[in-house]
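With the sequences and hints as input, model every part of the structure.
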Amino acid sequence: MRRKLHLIVPLRAWLIILFLGNLFPFSGTVLSQEPRVPAANPSATYKLEGIVISSTTGEPIPRAYVQLSGDAEDAILTGADGRFHFEGLPEGRITVFASKPGFFENIEKRPTHSKLPIGPETGPITVTLVPECVIYGHVEDANGEPIENAKVGVIGIKVNQGRKYWHDASDDRTDEKGNFRIAELEAGKYIINVDANSSLAHDLVYLSKDSQVGYPGLVYYPDSLDLLSASPVTLAAGQKVQINFSLKRQRLFHISGKLTALPAGSRPDFELLNLGGDRRPSSIQFSPQDSTFEGKVPPGDYKLRVTASDPSGNDWMAEQRINISHDFANLHLLLTVPVRLSVIVKTEFTKQPGAIANSTDEDIGKHNSEVDVALIALDPFVASRHDRRKEAVPSEDGSDSLILADVRSGRYSVEVWPLTPNAYVQSVRCGTVDLRQDDLVVPPGGRLPPIEIILRDDGAELTGTVRNTNADYSSGLLIVPQFAPRHPQTGSISNGEFQFANLAPGEYKIFAFDSTWRLEYKNPDILGQYASRAASITLSTNSKAKVTVDLIQTQE
Amino acid sequence: MARIFQIAAINLLALAVFAQQKDTSAAPATGKWKISGVVVDATSSTPLARAQVTITPVTRQNEFHTMVAGEDGRFLFDNLDPGKYTLTAERKGYLREAFDQHGQHSTSIVVGPKLQSENLLFRLHRDASISGTVTDEQNEAVRNAEITLFQQGTSNGQLVLRARANTNDEGVYHFSHLSPGKYFVAASSQPWYAQHPLPTQRRPYARTGINSSQGETNGDGKPATSQEEDTSPGQQPISPLDVAYPVTFYPAVTEFEAAAPIVLSAGEKFTADLNLRAVPALHLRIASSVPIQNGNVQVEARITGELNMPVHSQSMSFEGGVMEVSGLVPGHYFLRLNSYDGKNWSRSSKEVSISGDAKVSTDEKDGYVPVSGVVKLEGAGNLSGQTNVFLFDKASGARFWGQVSAKNEFEIDRGVPPGRYQVLVSTTGFFFKTLAATPGRVTGHIVEIGPGAAVRLTLELGQGMGRVDGVALKDDMPVAGVMVLLVPQDSAAPPQLFRLDQSDSDGTFTVASVVPGKYTAVALENGWNLQWSNRKVLKPYLAQGVPVQIEPNGKYDIKLKVQ
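For the record, the sequence lines run as chains A and B. Using the numbering used here, you'd call the opening residue of the first sequence number 90 and step up by one each time. Using the numbering used here, you'd call the opening residue of the second sequence number 478 and step up by one each time.
Hints in this document: simulated from the structure, not taken from any laboratory. Treat each hint with caution, since some may be false.
[Claimed, not checked] Here are the simulated BS3-like cross-link-like pairs (lysine-lysine), alpha carbons at most 27 Å apart as the crow flies:
1) B/K1036 - B/K951
2) A/K337 - B/K569
3) B/K591 - B/K1038
4) A/K392 - A/K337
5) B/K1038 - B/K1016
6) B/K871 - B/K827
7) B/K1036 - B/K1013
8) A/K266 - B/K746
9) B/K853 - B/K884
10) B/K561 - B/K509
11) B/K569 - A/K266
12) B/K659 - A/K266
[Unchecked claim] Some residues of chain B that are not near chain A, with every Cβ distance over 10 Å (derived):
13) P590
14) D818
15) D834
16) G896
17) A1020
18) D1034
Each residue gets a CB set at the ideal place from its N, CA and C atoms; glycine is no exception.
This is how it looks when you write it as structure tokens:
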């Protein structure tokens, strides 16, 4: 019965190869190798041999799966010594994949052009796989008795596209000895929590009216009831760590309050969610006469969510995060319907006047927007459970505006991508708020003016050279507008050079990193640490500029 | 752990005291009764400390009260109203059980004047577990293998799916809180490295070199390199990675008939390790008169005549209008196909036995006879809940079924092979009276289905099931916990017509939902391990039973002598 939640977890960790530099003629730049593929000799065949090793120990990995694709397709398992050997390969280019349960692909060092030339000069290759991490341990109560069926959750802290967020990496239920085991974790930073209220025997007592104590909503390792004071556990590749919890039942606190704006005739549904998003059994009672509610809740960091629907089918909701460490009286929850934001795009084109405006008449009913617009939720907790991203869709009324429907209160980054050739985003505003500088704050039930986007086409062009680069690094260029520091653009470095077009006029900082994979580059504080090594430039309209920038090593 | 329970118990007492004060002034007849006793280990009879004991009034399920027994195993609920209470207890390391529980039956405790409800001996059985490690042909752990636990019933020998689990990263699975009984464990998985190439991908060129060097690098003779010799042109080599695991039963067999039952006693911790051995995977090509461009297939493997298991290890591909199901092992399969020819989707089903790569056509008839029918209700009313009609072949154990629609129509999903079938219907509030079939010969609820023409069944369901109340007596004293059985006098009656109950603490029992007819009622003191569906076993007891004729909506009150 253990691990039943893992039924749908794909077992295989598919892994891509790493070509180790010196062993192998392919280690330089792929692009420079291309001309050296010799003239075709159609009947000749070639061999490919190599070894699969662990990235942490360097030890060979026996029985690893090695797959060739591209101009030759084949697959075998490595021998007991981790070695593999293909023969009879035609001349051409192939990609080599390797996998083994318990290992991940080496994404950070994956070359972007992993087309390996097969020919007379093909030498042995080395493929590294990164071993998985395992968290295992034990959950017991204050008397040292194991707690069965407690849910242990692992929250990963990840950086994706320059932004840090939390995600549910995995979870497990303790067995009757209180033990849990969570494998298939990548190296990284994790917050570990346990919810002991899910144990069946406990639920019965917890819900009985006589009950005065209960396990906290969620306990974060090592012994904290709120997320912010949790100590993250940092796992290196291949690490197996033991995490034990000893839980105490604590007194229940009384919460009470009033619900306002409940639509006539509808019944509110109260949900108490722990920050893992799991609904906790709660005894919250609602009195329709005076619209008040009350109940008893174990301590912890929760979201209290009330939902109701009115006869016309609108979904009303109120949500409040409450960190319960004492009794709460006079909570005030206001039910609201989700906000609907409209987006208006204006163009101030200088080169092709009227081109966009004319096209709308011909393409009636067709999505004919000049931009893609998306809201990215910035509350990392919301982000872990809900769809982090909401895209604007064309308005149903056939007007030119775009609509962001069903937006809940919270803080968002508004991201805009021009679709019109040669266009750049001049400004994004919501009323008086400059959304290039600041985030969009949607208040509960609030009304917001439309988001107004101005596009222009008189942008600048920037080319540049990266010093000290190694052509293995093909991405990692960042160009950060100082007037929109949270909206950097990324670019690729090709043979030590890069190029940007259609840049809004203004001041920029330019960074060249070895890798932006794990870099929180949309956080100005993080980027600020590297500011002294960035190049600065101010661009004016229709200008062309050149810069030289040093490569910054973020990892060794 | 104890703290909350003690507090809860103290509160309970406080409430009870309050209730009593109020009650003494208002209704002196209520609230002065007790249920008390001691929780003991069923095997050793030693008291068990701190078990959680719950009482629930039989007629008011949500008014339960919970307390924790003391260090000496004693529990006490007092100030109870007269009535019947269900008593349950749970404790770490023990099964959660109702008082004197036998399967779905237990003894309820009746409190009231002149009734004994104190000093109960509440026997709990230690729970058992089965765990093990699943390894592959190289003794490496198999992750995420699907483990199925079957239990074989004592009264009818039927296999019941009890639980499923998946192995963890160390190949370990674990089933806990098992009651004593007879179990089987099966593992299904596919090799993590398995590849099932399409026919056109099964080309020899890329493999020619492998074995020449693998001799050195691969000293341990793994399947990856064992079948590489034959690469002569035109012949498709068997890919060393085109392999599959057969469903494997404990101890390490692939036929259910050879599986070893695991007989668990109370508290037993059984280790059942399983070793999976990959075999060359089979490819089943499915063609149709029109090219198949897309589709899906559900595959079930026959484990025993009565038991099929879904197979998840197959993969599917489409090439040249032919659908290919790969990753199968030799065996007997039921396939449900949805295929798309570029315009229309069509459904078909197939039963195949394969021992090598095989081809089937959806155009060929598989000899199954389409069976549909209607359920007619006697009197007013509608079927409530889900109603299913089953066709059961006693000889092979095969079972076919269809769900009854809102219009009371049903269709047996893929038809049935010609044969003799017992027809059964699962429903609530109605009972199965008569069966008719066109064409087909009917005897009672048995229909003979011949080859060829589609068969239509008509099932007539009656209403007005009877009820038998009574008391089980020994030397004129009521006896608790005895098995009360209503045995149809018609020896051809299926086991579904039998009715069972357990006498409560005052010796009373209630057998509801009795299909009208002639029965013999018996009360058996040690009947719980009896294979009661077997008439030969029951015969010696029937002579001392009480005959009861149940009329529609009849209610009867009987006294039974405990045997």
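Cross-check of the supplied hints:
no. : hint              : in the structure
1   : B/K1036 - B/K951  : holds, 10 Å
2   : A/K337 - B/K569   : holds, 18 Å
3   : B/K591 - B/K1038  : holds, 21 Å
4   : A/K392 - A/K337   : holds, 22 Å
5   : B/K1038 - B/K1016 : holds, 16 Å
6   : B/K871 - B/K827   : holds, 22 Å
7   : B/K1036 - B/K1013 : holds, 24 Å
8   : A/K266 - B/K746   : holds, 13 Å
9   : B/K853 - B/K884   : holds, 10 Å
10  : B/K561 - B/K509   : holds, 14 Å
11  : B/K569 - A/K266   : holds, 10 Å
12  : B/K659 - A/K266   : holds, 24 Å
13  : P590              : holds, 29 Å
14  : D818              : holds, 29 Å
15  : D834              : holds, 20 Å
16  : G896              : holds, 37 Å
17  : A1020             : holds, 46 Å
18  : D1034             : holds, 37 Å
Violation of the numbered hints given earlier is absent; every hint is satisfied by the structure.
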